[in-house]
Amino acid sequence: MSAVRTERYVEESRRGIADPVLRRALSGLQERFGRGTAEAYRRLPEGPGLRQTAHAIREKAIANLDLLLERLAARIRANGGEVFFAATGEEAVSYCAGIARRRGVKLAVKGKSMVTEEIGLNSVLAAQGVEVVETDLGEYIIQLAGESPSHIIAPAIHKTRNEVADLFARKLGIPYTTDPPRLTQAARRALREKFLAADMGISGVNLACAETGHISTVSNEGNIRMATTLPPVHVAFMGLERIVARLDEYEIILRLLCRGASVQDIGTYVSLIGGPRRPGESDGPEEFHLVVVDNGRSRLLADPRFREMLCCIRCAACLNVCPVYGRIGGHAYGFAYSGPVGAVVTPLLTGVQRGRDLCRGETLCGACKDACSMDIDLPRMLLELRAILAAGDATWGVKPEGGLERNVWRIWAGLVSHPGLYERLLRAGAVLQGLLPRGVAGWIRRLPPPLSGWTQSRDFPPLAKAPFRSRWARRRREVGRG
Amino acid sequence: MADERKERFFLDSLRRALGPPPQASRPMEDLFPRKPSAEDQRLLGAVSGRSEREREELLRRLRAAAAPLHLQIEAVVDLAAARATVLRLVAEKSPEWGGEKQLVAWSHKLIESLDLAEPLARQGIPLWMTAPIDPGLAPEAAAEERARQRARIAASFIGITTADFCLAETATVVLRSRPGEPRSVALLPSIHIALVRRGQILADLKELFALLRWDERYRGAGVSNCLSLISGPSKTADIEATMVHGAHGPREMFLLILPD
Ligand code: SF4
Numbered sequence: 027m028s029a030v031r032t033e034r035y036v037e038e039s040r041r042g043i044a045d046p047v048l049r050r051a052l053s054g055l056q057e058r059f060g061r062g063t064a065e066a067y068r069r070l071p072e073g074p075g076l077r078q079t080a081h082a083i084r085e086k087a088i089a090n091l092d093l094l095l096e097r098l099a100a101r102i103r104a105n106g107g108e109v110f111f112a113a114t115g116e117e118a119v120s121y122c123a124g125i126a127r128r129r130g131v132k133l134a135v136k137g138k139s140m141v142t143e144e145i146g147l148n149s150v151l152a153a154q155g156v157e158v159v160e161t162d163l164g165e166y167i168i169q170l171a172g173e174s175p176s177h178i179i180a181p182a183i184h185k186t187r188n189e190v191a192d193l194f195a196r197k198l199g200i201p202y203t204t205d206p207p208r209l210t211q212a213a214r215r216a217l218r219e220k221f222l223a224a225d226m227g228i229s230g231v232n233l234a235c236a237e238t239g240h241i242s243t244v245s246n247e248g249n250i251r252m253a254t255t256l257p258p259v260h261v262a263f264m265g266l267e268r269i270v271a272r273l274d275e276y277e278i279i280l281r282l283l284c285r286g287a288s289v290q291d292i293g294t295y296v297s298l299i300g301g302p303r304r305p306g307e308s309d310g311p312e313e314f315h316l317v318v319v320d321n322g323r324s325r326l327l328a329d330p331r332f333r334e335m336l337c338c339i340r341c342a343a344c345l346n347v348c349p350v351y352g353r354i355g356g357h358a359y360g361f362a363y364s365g366p367v368g369a370v371v372t373p374l375l376t377g378v379q380r381g382r383d384l385c386r387g388e389t390l391c392g393a394c395k396d397a398c399s400m401d402i403d404l405p406r407m408l409l410e411l412r413a414i415l416a417a418g419d420a421t422w423g424v425k426p427e428g429g430l431e432r433n434v435w436r437i438w439a440g441l442v443s444h445p446g447l448y449e450r451l452l453r454a455g456a457v458l459q460g461l462l463p464r465g466v467a468g469w470i471r472r473l474p475p476p477l478s479g480w481t482q483s484r485d486f487p488p489l490a491k492a493p494f495r496s497r498w499a500r501r502r503r504e505v506g507r508g
Numbered sequence: 008m009a010d011e012r013k014e015r016f017f018l019d020s021l022r023r024a025l026g027p028p029p030q031a032s033r034p035m036e037d038l039f040p041r042k043p044s045a046e047d048q049r050l051l052g053a054v055s056g057r058s059e060r061e062r063e064e065l066l067r068r069l070r071a072a073a074a075p076l077h078l079q080i081e082a083v084v085d086l087a088a089a090r091a092t093v094l095r096l097v098a099e100k101s102p103e104w105g106g107e108k109q110l111v112a113w114s115h116k117l118i119e120s121l122d123l124a125e126p127l128a129r130q131g132i133p134l135w136m137t138a139p140i141d142p143g144l145a146p147e148a149a150a151e152e153r154a155r156q157r158a159r160i161a162a163s164f165i166g167i168t169t170a171d172f173c174l175a176e177t178a179t180v181v182l183r184s185r186p187g188e189p190r191s192v193a194l195l196p197s198i199h200i201a202l203v204r205r206g207q208i209l210a211d212l213k214e215l216f217a218l219l220r221w222d223e224r225y226r227g228a229g230v231s232n233c234l235s236l237i238s239g240p241s242k243t244a245d246i247e248a249t250m251v252h253g254a255h256g257p258r259e260m261f262l263l264i265l266p267d
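Residue numbers (the working numbering), protein chains in the order written: chain A, 27 to 508; chain B, 8 to 267.
If we strip away everything but chain A, and leave its shape as in the complex, we get (with noise of 0.2 Å):
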């Protein structure tokens, strides 16, 4: 598993925020995407209700997911590829590793693929000798600067083209440029060497389709279809959920996925691959792999509460339009996956109870669901985390929380439920509010602890001088002398 670091959510969050050239990344960003998304959806022949049509395809290849894989393993062993299914990261990972021993590895060449991003594939690679290079464009920047990505489809989006200028005429030792051509033409330079010596492509899967038996990937660049085509050896990753029966429901599936992803009816390149090169044919992989990793994703898949996030195809649509993930930006989230899909399956992945501010960050607005081109209730599975850290859920291993809101909630319900005790006590504190600094309309700018931290970045409203029930009642006698 790569690194996590959930427990970081708050401290990190304030350093997107406070990050000027993140921010305009990012607003950029949301303003091109999340519009253009709602639009492509509008625009679908069959209108935007092909994604509850989706999300229903997702939903009864989850519910078959047994027989799916089965009949997906099978297609491929037929046509000569290998098929690993790994619990862990660790075993997905080492099963990897020993291709590339086995086979002498020392230059591989990688498509984007958040699934190797979460298992931390790279790093082992590396450590046992071979040259791991990230060839999606973004990927490759943010590889250079040793970085992590901070979107799942513009990877590189907190860089501007004068960092990526800088990190060029340092790392490629190519003529300082900001112009974006210019540095693409370096990176294809590049990378072009690299593909060709390449003993091994490894990718991972946008999703699959069992009925035929292949995977397919989807790129604007070519990358991934470079990468599946000249190396020797192809390995293919895929999250266990990445799959639907047919053909037809594929069609569904991929249309959105590129409206979801990068408002694109298409992407530039989708390749449906069914296993290695046959005999005869000069190029294509002659040994293909793929490895179907699970690593806490059946966790998922056994909780009825949380079995829709298995819908999700990583399009990244919910980043595009989420207002928290447009002000804090990807490395808040800690993890591989950043945004709304981020606050609900990194905790689950990777453990709720330090995960917890995740779910605590989003703001419940609703954008993401209207956004997904699945359809998936990610708002109802935040609600659901942060339910089971108050109340806390043996299954997710998480205690309930301290007293201190239960309590709260039992001196306040103690409170409202003796009307004369609530009474005096808001007439005391009227009077008592007189001490508190007031901002805009009287409003407090600073409540005393432990109720300070509400004030940090928000006023509060002042009692009112005579308590609403007082004002009532006069109300009722000058009416009723009236």
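Bear in mind the hints are in silico, worked out from the structure with no lab data behind them. Certain hints may be false.
If we take Cβ atoms under 10 Å as the criterion, some of the chain B residues that face chain A in the derived model are [stated by the list, open to error]:
#1 S20
#2 W104
#3 G106
#4 V230
#5 S231
#6 L234
#7 K242
#8 T249
None of the values given here were measured: they were computed from a predicted structure. Think of the CB as a built atom: it goes at the ideal place given N, C-alpha and C, for glycine as much as any other residue.
Given chain A, work out where chain B with the ligand should sit, using these hints.
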């Protein structure tokens, strides 16, 4: 084997997680049908019964979809015009990585009928034709042949392929893998030229998949070992969201459409 045990364990744990489903009533015919659905039938009918006017319309839609993707469409009247177009491109464009002009093309009837070899030879421009790897070759000899083909493909600035189909709605060229038609011809050269007949234009992915699943002419090879759907030249917007063509794959792509 340990792996087999592991696999059984893996799938069993999925079944446990799924809980006691209506196992017996799981819809196998829905998951993996053996007969085309009514919708599939409709799609197959739409393809086979397409009128000349509808085909015109498809071509128009293809052009409209191709323009924003920088996929350049040339509808040519005959083989001679197609040959002229290719030769014009060869003359106009220069190799991205320096060196001499070289071309590579699939050995395919349609490409051979363009008779490109002779006019190119007159200009001293090599045209490499790919070929299937002879299954009778010893492994080392086969590996050498593969390496030779790859070197030629990588050295060529233009790659010429045909296509199985082309999809109007998304301006997509559909390539199914087969011996003699290396995938990298549409990938490594800086310019990709694809040739199709008008009759190969389908409306969309739905029609394509209906044909691959159910039409007797295509379902044998079906999706094939590697189906490539290519919609325009390679592109990226990873540096400050500026669109640049030619990230890794071809920088330019041309689709030549010949009459049937
Ligand atoms: S939750 Fe929905 S929108 Fe977000 S990545 Fe998953 S499928 Fe896409």
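Right, here's what the structure says about each hint:
1. For B:S20, the interface hint holds, the least distance from its beta-carbon to any beta-carbon of chain A being 5 Å, beneath 10 Å.
2. At about 8 Å, the closest approach between the beta carbon of B:W104 and any beta carbon in chain A falls short of 10 Å, and the interface hint on this residue holds.
3. For B:G106, the shortest C-beta to C-beta distance to chain A is roughly 14 Å, which exceeds 10 Å, and the interface hint is violated.
4. Taken as an interface hint, B:V230 checks out: its beta carbon lies about 5 Å from the nearest beta carbon of chain A, inside 10 Å.
5. The beta carbon of B:S231 comes within 7 Å of a beta carbon in chain A, closer than 10 Å, and the hint placing it at the interface holds.
6. Because the closest C-beta pair between B:L234 and chain A is about 4 Å apart, less than 10 Å, the hint holds.
7. Annotation: interface hint on B:K242 holds; nearest CB of chain A at approximately 5 Å, less than 10 Å.
8. Because the closest C-beta pair between B:T249 and chain A is about 4 Å apart, less than 10 Å, the hint holds.
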